[in-house]
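Undergrad: Listed here are the chains, written in short residue letters.
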Amino acid sequence: MAPVTWQVATVADLRVETPRVKTVSLLVPGWQSHRPGQHVDIRLTAEDGYQAQRSYSIASAPGEQPLIALTVERVPDGEVSPFLHDDLMIDDRFEVRGPIGGYFVWDSAAADPLLLVAGGSGVVPLMAIVRHRAQTGSGVPCTLLYSSRTAEDIIYADELARMGARGDGLRVVHTLTRAQPPGWSGYSRRIDADMLGEVLATTGAMAQAFVCGPTPLVESVAQGLVGLGLAPGQVRTERFGPSGG
Amino acid sequence: MSDRIVTRGFVGRREQTDRGQRIPPGQYRTNDFPVLSAGPTPHTPLAEWTFRIEGLVGQPVSWSWEEFQALPSRDFIVDISCVTKWTKLDTRWHAVSVDTLLEHVDLDRRAAFVIAFCDGGYTTNLPIADVVNDQAFVAYGFDGAPLAPEHGGPARLVVPHLYFWKSAKWIRGLRLQERDEPGFWEGFGYHNRGDPWIEERYSGD
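In the order they appear, the protein sequences are chains A and B. The first sequence runs 5 to 249 under the numbering used here. The second sequence runs 7 to 211 under the numbering used here.
Some hints here could point you the wrong way.
To be verified - DMTMM-like, lysine to aspartate or glutamate: derived pairs with alpha carbons at most 20 Å apart:
1. B:94 - A:90
2. B:94 - B:54
3. B:94 - A:81
4. B:94 - B:184
5. B:94 - B:187
6. B:94 - B:186
Claimed, not checked - Footprint (simulated), chain B over chain A, 3 or more residues, beta carbon under 8 Å:
7. 57-70
8. 106-118
If you're looking for bench data, these hints aren't it; they were derived computationally from the structure. We put the CB at the ideal spot given by N, CA and C, even for glycine.
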């Protein structure tokens with residue numbers, strides 16, 4: 005395999021997604037494309053040569069190259085994410101290398117229905133799948149079950165609403181675990197086996213599941229899906245970055 | 007890349023210097039114990055659990071859970087580094103040294119690599135030289151308690167001098183081979199050996 009080399013990335017756009025989440029769009033001229041679900045390493049270098057590296061999931065679909073989008077949650081006591089949130093400006097530069105990871109990826113030629121289960125910023129690599137599915141015109145049924153704390157914590161809320169309304173087989177199901185706005189019609193609790201069963205009933209038992217979020221969610225959802233009859237090989241898991249980010 | 011790309015305004019947090027020599031390049035220190043896995047956590051009942059050494063050995067050997075617990079074991083206190091950038095210092099494991107396990111088999115002189123195999127189908131490959139001389143152990147305790155399933159319990163391999171994907175969770179045995187063979191992540195572009203001190207993260211590093 006070819007070495008994964010560091011490339012210069014220039015900040016092309018910054019977008020506030022929620023009070024704690026920002027999307028950093030990067031122009032990477034030599035980007036060799038990626039598969040939805042993969043991540044990149046980034047490396048920041050200070051004036052005196054001090055460096056810090058982190059891994060972030062790619063939010064954008066492959067077709068948007070040479071732009072890639074990273075959606076980053078601000079970890080309050082972190083070293084890198086507060087800098088990306090508070091200090092980074094358009095035209096700033098740092099290094100990226102990737103794409104990295106080859107298991108938590110979706111192939112748009114696959115015929116199996118998709119069940120995507122996200123907790124918080126775990127939606128990021130799944131959004132790359134949702135976007136890629138839309139861009140490629142893949143007709144496979146796709147359900148995104150997405151758990152957030154409150155309505156204002158839903159990342160990509162408008163885009164998901166638009167995409168879910170297109171009638172192309174994408175269904176977006178939200179659950180809000182802490183507070184719900186008046187008239188809320190989605191779920192209002194943590195994802196549990198009943199909820200997974202209801203969602204899976206519309207997706208079918210042949211679903212390929214991708215699960216990403218904090219560890220307790222990933223553990224219980226993966227276990228729940230196996231309990232509902234999915235083979236372990238039908239359930240691929242990924243965690244969003246640990247603390248320290 | 008010859009020209010250094012400085013990011014405007016980035017200073018960084020800088021780890022304290024006394025610990026600094028224990029944090030490999032590109033890593034940061036965490037006090038949490040993050041969990042990573044590619045699929046659902048297997049839950050093999052201990053009554054069905056065995057640990058096997060097979061392949062290029064005179065006679066394969068297999069231990070039940072009870073037999074494995076009866077093997078000489080001790081605490082190992084080690085630093086661990088995950089390729090996803092975190093390093094955790096002074097982790098305390100209760101484990102059986104791989105040296106102890108290998109005392110129970112006659113190694114064929116052609117044996118040069120071990121493949122760790124696991125519940126759930128995970129594998130990872132290591133040269134024998136990386137698992138002998140007390141460098142690797144099969145752990146079933148962490149911090150004074152049984153090793154939790156999400157951290158690889160009932161038992162996992164720990165090879166602390168290599169990136170942590172080599173420390174295979176839910177291990178069920180070691181297969182001795184003459185030829186090297188990429189394991190699960192090694193087949194997806196991760197480095198074949200994975201030494202964190204020289205940042206062997208991905209193929210070609």
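Undergrad: Please check whether the stretch 106-118 of chain A has three or more residues whose CB lies within less than 8 Å of a CB on chain B.
TA: Holds: 3 residues of the stretch 106-118 of chain A have a Cβ under 8 Å from chain B.
Undergrad: Between residue 94 of chain B and residue 54 of chain B, is the straight-line Cα distance small enough, at 20 Å or below?
TA: Violated - the C-alpha atoms of residue 54 of chain B and residue 94 of chain B are around 32 Å apart, more than 20 Å.
Undergrad: Below or equal to 20 Å on CA atoms is what counts here, so check residue 94 of chain B against residue 186 of chain B.
TA: 29 Å, violated
Undergrad: Straight-line Cα separation of residue 94 of chain B and residue 81 of chain A no greater than 20 Å?
TA: Roughly 17 Å separates the two Cα atoms, so the pair holds.
Undergrad: Given the hint that residue 94 of chain B pairs with residue 184 of chain B, does the C-alpha gap stay at or below 20 Å?
TA: At roughly 34 Å apart (the allowed maximum being 20 Å), residue 184 of chain B and residue 94 of chain B break the hint.
Undergrad: Would you check the hint for residue 94 of chain B and residue 90 of chain A, treating anything up to 20 Å between C-alpha atoms as holding?
TA: 27 Å, violated
Undergrad: With a cut-off of 8 Å between beta carbons, are at least three residues of the stretch 57-70 of chain A near chain B?
TA: holds (count 3)
Undergrad: Regarding the pair residue 94 of chain B and residue 187 of chain B, is the alpha-carbon distance no greater than 20 Å?
TA: Answer violated: residue 94 of chain B to residue 187 of chain B is near 29 Å, above 20 Å.
Consistency with the previously given hints fails for numbers 1, 2, 4, 5, 6, ordered from lowest to highest.
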